[in-house]
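Starting from the known structure of chain V, fit chains D, A and W onto it as the hints suggest.
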Amino acid sequence: MEITLPILILAIPVCMFLLLGIGGVYMPRKVAGVLGILGMGTTMTLAYIVAFTYFFSGNPEFIIDGVRQQFQVFDVTWLAFTERLVVNLGFILDPISAMMLIVITTISFMVHLYSWGYMEHEPGFQRYYAFLSLFSFSMLGLVVATNIFQMYIFWELVGVSSYLLIGFFYKLPSAVSASKKAFIVTRFADLGFLIGILLLSFYTDTFNFISMTSNPEAVLSSTGGATFMGASVLTWAMVLIYVGGMGKSAMMPLHIWLPDAMEGPTPVSALIHAATMVVAGVYLVARMFPVYCVVDDSLTFVTVVGAITAFYAAVVACAQIDIKRVLAFSTISQIAFMMVSLGCAYDQPVEGVHYSGLGYMAGMFHLFTHAMFKALLFLGAGALIHAVHSNDYTKMGGLRKYMPITHWTFLIGCLAIAGIWPFAGFFSKDEMLAAMFSRHWFWGAWMTMVAGLTAFYMFRLYYLIFWWEENPDYKHHKPHDAPWQMSLPLIILAAVSCVAGFIPFGEFVTWNGEPYHIHIELPVAATSLIVAICAIGLATVMYRQRNEWPTRVKNMCPGLWMAAHRRFYWDEIYMFITHKIIFGGICTAIAWFDRHVIDGMMNAFAWVTQKVSYSIRGMQSGQVQAYVVWYFLGAALLAAVTWICLL
Amino acid sequence: MDLSILWYLVPSVIMTACGVYGFITRKNLIAMLVSLELILNSADLNFVIFNRFLFPGSMEGMVFTLFAVALAAAETAIAIAIIINIYRSVGDSDIHKVNKMKF
Amino acid sequence: MFENILIWFVVIPVIMMIGLGLCRNSGMKAIRAVMVVGSTALLALSVVLCCDFLRLRGMGVDDEMLFTGSWLWYAPLNIHLAVGVDGISVLMLLLSSVIVFAGTFASWKINPLPKNFFLWYCLLSTGVYGFFISIDIFTMFMFYEVALIPMYLLIGVWGTGRKEYSAMKLTLMLMGGSAFLMLGLLGIYWHSAPEGGVPTWNILEIAHNSAIDPSWQNLLFCCTFVGFGVLGAMFPFHTWSPDGHACAPTAVSMLHAGVLMKLGGYGCFRIAIYLLPAAANELAWIFIILTGISIVYGAFSACVQTDLKYINAYSSVSHCGMVLFAILMLNTTAMTGAILQMLSHGLMTALFFALIGMIYGRTHTRDIRQMGGLMKIMPYLGVCYMIAGFASLGLPGLSGFVAEMTIFFGSFQNSDLFHRVFVITATCSIVITAVYILRVVGKLLLGPVQDKHHLELTDATWFERLATVTLIVCIAGIGCFPNWINETIQHSFVPIINAIQGAI
Amino acid sequence: MDFIQSTDYSQFVSMLPELIVLGIFVIVLLADLFAGDTKKSFLTPMTAVLFLLGTVAIWIVPASGESIFGGMYVNDTMTNAVKAILNIGAFIVILQSAKWVDREDVVIRKAEFFELMLVTLFGMYLMVSARHFLLFIIGLETASLPLAAMVAFEKRHYESHEAAIKYILTAVFSSAILMVGLSFVYAFSTGSLYFDDLARVIQSGEMSGLLIAAIAFVIAGIGFKLSLVPFHLWTADVYQGAPTAVTSYLSVVSKGAAAVTFFVIFTTCFGGVYSDCWEWMMYAVIIATITIGNLFAIRQKNMKRFMAFSSISQAGYIMLGAMAADGRGLASMIFYIFVYIVSNLGAFAVISTIESSTGKLSMDDYNGLHKTNPWLSFTMTLAMFSLAGIPPFAGFFSKILIFTSVTGTGSMALYMLVLIALINTIISLYYYLLVVKAIWISPEEPKIGAFRSDNWSRLALWICVAGIVFFGIVPFIYQYCVDSVSASAGMLGLLN
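Protein chains in written order, with our numbering: chain V, -4 to 642; chain D, 3 to 105; chain A, -6 to 497; chain W, 2 to 497.
Take these hints with a grain of salt, some might be off.
Simulated crosslink set (BS3-like; lysine-lysine; CA at most 27 Å straight-line) [claimed, not checked]:
1) D:LYS102 / W:LYS156
2) W:LYS372 / A:LYS102
3) W:LYS372 / A:LYS108
4) A:LYS369 / V:LYS166
Now the stretches of chain V that chain W is said to cover, found in silico as 3 or more residues with beta-carbon under 8 Å [what the hints assert, rightly or not]:
5) 614 to 626
6) 632 to 639
None of these hints come from the bench; they were simulated from the model.
C-beta atoms are modelled at their ideal positions from N, C-alpha and C, and glycine is treated no differently.
Chain V extracted, bound-state conformation (with noise of 0.2 Å):
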């Protein structure tokens, strides 16, 4: 395939970038939303026609004699450290970066097209396009990357403009904060990267992504065995690697970003942290997965990280009072999902499973449902609140014959998420579910409770806003549906979320590019089902109209329900590290240290000399015969000290 389609993806959102973020302030909004948005589509166009291109040309580039091959298009030198250890920049296209494509320019575009609506008004609507440019450009570059640096060096650049996104109100401090911590958390988890990359390449000599998955045991054996504290070189490697991908995926205990980050404009966390950059983790552990496998502690890692998460943040997200961070908590728990249904795969096959890497399949299923429908939800929050003016659901109620669209196509993005059947969250869930078996009943189980925990929290999420009982003040202002801009995408999205299921998703993405045959596991399906709809009905009688039942719950166990509201203050402990430790005693400590012995001691050689200076002065006594003292005394002892030496 020829360059310039690729070329064009990553190039047109950095031109757009840089012409909104120089030019911006020049131009009118509506002229540089137009550009943004065109840009946008453009680039979805051209996506669209790559991915359709490697899936269903059938070029033998692509595919040979049906199985999907990993295609560099082009891989151009960027740094060489040394003769072997280059960094290229390059674009690969194989099914998860395919697909990635198009999740990552579907969701941006109808971001960019909602946020038309949702920002209009707000001052900087140049800089949010060329913000968002911005981020669509990394976000693109890291699912291409050819290499680990690579993807590395776009890993930063999606950090630093999540950052700017986040911080976009930045003259609220509570963004600047939020912005803040959401940079250096995940900084801290991309220092576990960097450190993991330091060691896999030192091995390996390669950065080059298929140059070590297409053979993982000579990774293995290049490390030559070596070990460090009882794992070997490559568990840790690949554990670090893994740390990396926490910190963007919010896995714990380097979730507390999320959350936060919801201060950024809702339609950024639609787009952010909720579709795309957020499952940066598990496209990383998708990429690396065979090398993963020849490690399988690390893989065990992930399954358990996966597994406390998702519990953690549905247990969580039962407790929230804004309606974004439940959605926020949800994110976490369902891409845990993700991560466990990867941790659950194999990739050699295993007596029993009758397709061992159903797990990988079904991760890559779900995270694309899982970003349509996510957006959609936070989309429809974002309208919400455009129409409420508030994040808060105890402002809402009852909003569903105001807000008819809305409510119903949220009403599908919560159907979805719970895994009611035919909506696209049943079967990449039940997929997941099957995996998650097929390695071990116990991660089935749990991970089952889980999914019927999100289905209740996500209908007590929807009751509380739709039903419940109608807030007076619509009285004198009166919520209703957000313009077209707004609109339309919701609705496309909604469409998505009821089809997206029925794709043959196991067809064109497999971890070995091998196809695979979905079909519905009818015992897992069956429970999954029975219990999403067990928590559903529990959430319709407890808040489908106003009545006591929350609160007598509450009040049954009020310290859970409290830990579980301060998100069993995981904040706190961080807050309590950052500033009490580590600024109020290292640092402190270092700046005085610095100041008075450090620099003490330079000053005390000057104090020194001052003081000699002064206590001799009694040798110029200005008496002649003082001074005459001083000579003969000067002249014998130089004699006599040199008589004594010599003689």
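Just chains D, A and W now, kept in the frame of chain V:
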């Protein structure tokens, strides 16, 4: 009886010591000058002695002494002149009164 | 003599000084004219040199030094005025020219005594250029000191705050360093020749003779490395840097942090390591510990400062520590990273100090607690400051990232535990850097406006924009297309690495 | 008897420099006598011009290179070079004293001032050329006694008298000690006080307490003129009290002559016991000199006293050349002296100009000087930088060259000595910068109004500035020192 060199050297050493001691202890400028002369003379004495006892063949020590005496005279002259100046301006020839400049 | 292009790097500033001497003290126009013409000429000259150099290298001329020239100066002691450049010096000259150029515009409205200011400024740049072009350690040292002393007056007269104290401290500490340096150089000179040969000051000859016996090398290495390390702000000899930078006027901070501190790193590998390789192999660990400390130490101290200049001074300690740290790793990649870090740190710190100067010129405070929301008031400066910040915390696409990554990957080549531990420690600095940079950005540029009087302030003027844009373009240029620089540097390190390998 | 017969009075011809100085002396004397007691305004220009001509003559007329009076007196290129350099110093002093000697209470004695100065110069010439202790002593006294009169020149100032008495007493004492020392030396000799004969006698290995005492006393005696610690204590008071012109003369010219003489004596006649004995004495003395001088200079406020201590520590640096004790060392020492002359006289020229115009001498009076007298401030700054050894000014080169020559001997001890000296340069830099700070940085309003200094001192200032700026950059002066030394290396049996 013939006197060994020591008989001559000891007095000169004593002269030196006295000179130094006197210079350090006396208050009066003139007295200090006198003690200086003592040291100078002891040096001259040394020269003469060494010449006489060690190198009877040559005359350098003697010549040196002659010059040294002359120099001593010149020094004394200038010193006296300055002492007079001091006496004029201070009204006293006490060395302890001339230590305005110090440290 | 004047047919050699390198000489002009010293001649032009001298001409500028003469020209300034002819200006009247109040003739601001004439003074500016001289400075602009001169600094532009220097910039052009270094660009020409750079292109010419690359052309020659492209033609396959691979002498160690190009454009060499040597003129006997003090015959009895075999002192020459010997010049010559390799890729590194060329880049350093380019850096210096860029910063001198930017500094000229950053100090457009300097007062009082603009004439004297620029006189000393030119003397300073003479020293810097001379240092980078000379390959005779005597003249090198001479230019080194030429570059040091004007700092005293530049800070003392035109500075702010406790300027007298800081100027004196800076001068004395740097001179203290150069005392040890001098001793080391004398030792190198007298031992430079093989038995019975004529001792020489010429770097290439000394390296070629490699006659210094190891017992002496250790002593001399410590002397020279400490001597240059003081200027490289190596822990614990760095305390001149915060005070000095905090009190210096804008252009001087720029030139000092941007170029002068690089003299330290440059000297460290050009003299200490290249001429004393055996000792370098043997004693590197001591200084690895010290520099490793200063990386983390500087970063941590920067976290709690409230004065903008102190923050950048401490971050300079951290970044320059990174330079020396990488040099001591004694392999091509890491040392290349060190040079990249020098360039990048030079540019971005210059940018930082320029911006701080501009902000200070408007708000008349450098205390971040008294400022806030400046992004709203002066968006241009705010954006530039953010770019500088991102460069400093190593954002891809800007120079800092390239430098740091090269350093990390290079340092990681040394596979023993000692090195590993310190490399990991060094990598931690990327997080701490992010912390203090974002802290400053958040307090200074974002958030609500703290002081209502700031609302009347204006954004950058044309010359300020010119100064900043020049630097930003260079930063982004290195950040986006690092490889040609990378290759140039790597090629220049070949002889040095060979010397080190040969001495093991 | 045969001495008389063999005496050949044509020998005097090869004492050309001395003859020239004496000639000028006589001319000035006669002019003074027969000119009647007008203001004698022609005296200064006449002396200056004659002196300049004499200097040029000394410089261009090649040295006879022969030793006369049976080797008592040597006139070779080295001594010629030194004399010429001393002449330049004296010339600058004449220029900068021009205004002072026309003050109404001095003017009647201005001829005497010049005469005394010429006499002392004559004495120094003898010192430098002497190869026999008798001639050396005569030269020393001729050089130091008239200085007492010059110090006392300010009749109306009490300080002048105090300075004079302190000077004369200590001078006589030290010369007495010196003579005692020489008498010991004589005891060693084979009855002759020729340096060469002594050198043959005094060989390493055969050390005795007497010899050590002798060497110590000689060091003390010459150290007095060089104001080495602990023989320096007169320096500060005398420099402070004496007329500024005399102070500057004392601080450079007599020091220079003494330094070279010291080198000659200790390398020729005591050369044999260099490493056994006096190397270590001088080691201690030099460290003490540099350090103590610096430590005292830090606190000084009176500029002349300040310069006194700075010159003490400078003397320590000069004597480093003697530690090298070889041709390179001597050459570097002479070069250092030359550079030191222009730098120090540059500083003193500024001080005396300011003093004679405003009578201000305290460092605090210099605050903000640059506002009123930019050129004087500029000169002072250059002089301070040069004294502190800052490139590209001459002082840097003299310092580095002398360090280089000292380390050239390759002994570790001398490396350490150089390190100590280098560290001391930091302290010295500190107090030199204090002056610069007062001039440029202190915010107060200037206490010294703008004034226009007379042309003589202008000329002096210009010469000094030119010297400070160019002596380092143009290498041929050092080359000249090296050549002259190496040409006359035979005359003085240099070590290694």
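Structure-based check of all given hints:
no. : hint                : verdict
1   : D:LYS102 / W:LYS156 : 17 Å, holds
2   : W:LYS372 / A:LYS102 : 20 Å, holds
3   : W:LYS372 / A:LYS108 : 14 Å, holds
4   : A:LYS369 / V:LYS166 : 9 Å, holds
5   : 614 to 626          : holds (count 9)
6   : 632 to 639          : holds (count 5)
Checked against the numbered hints given earlier, this structure breaks none of them.
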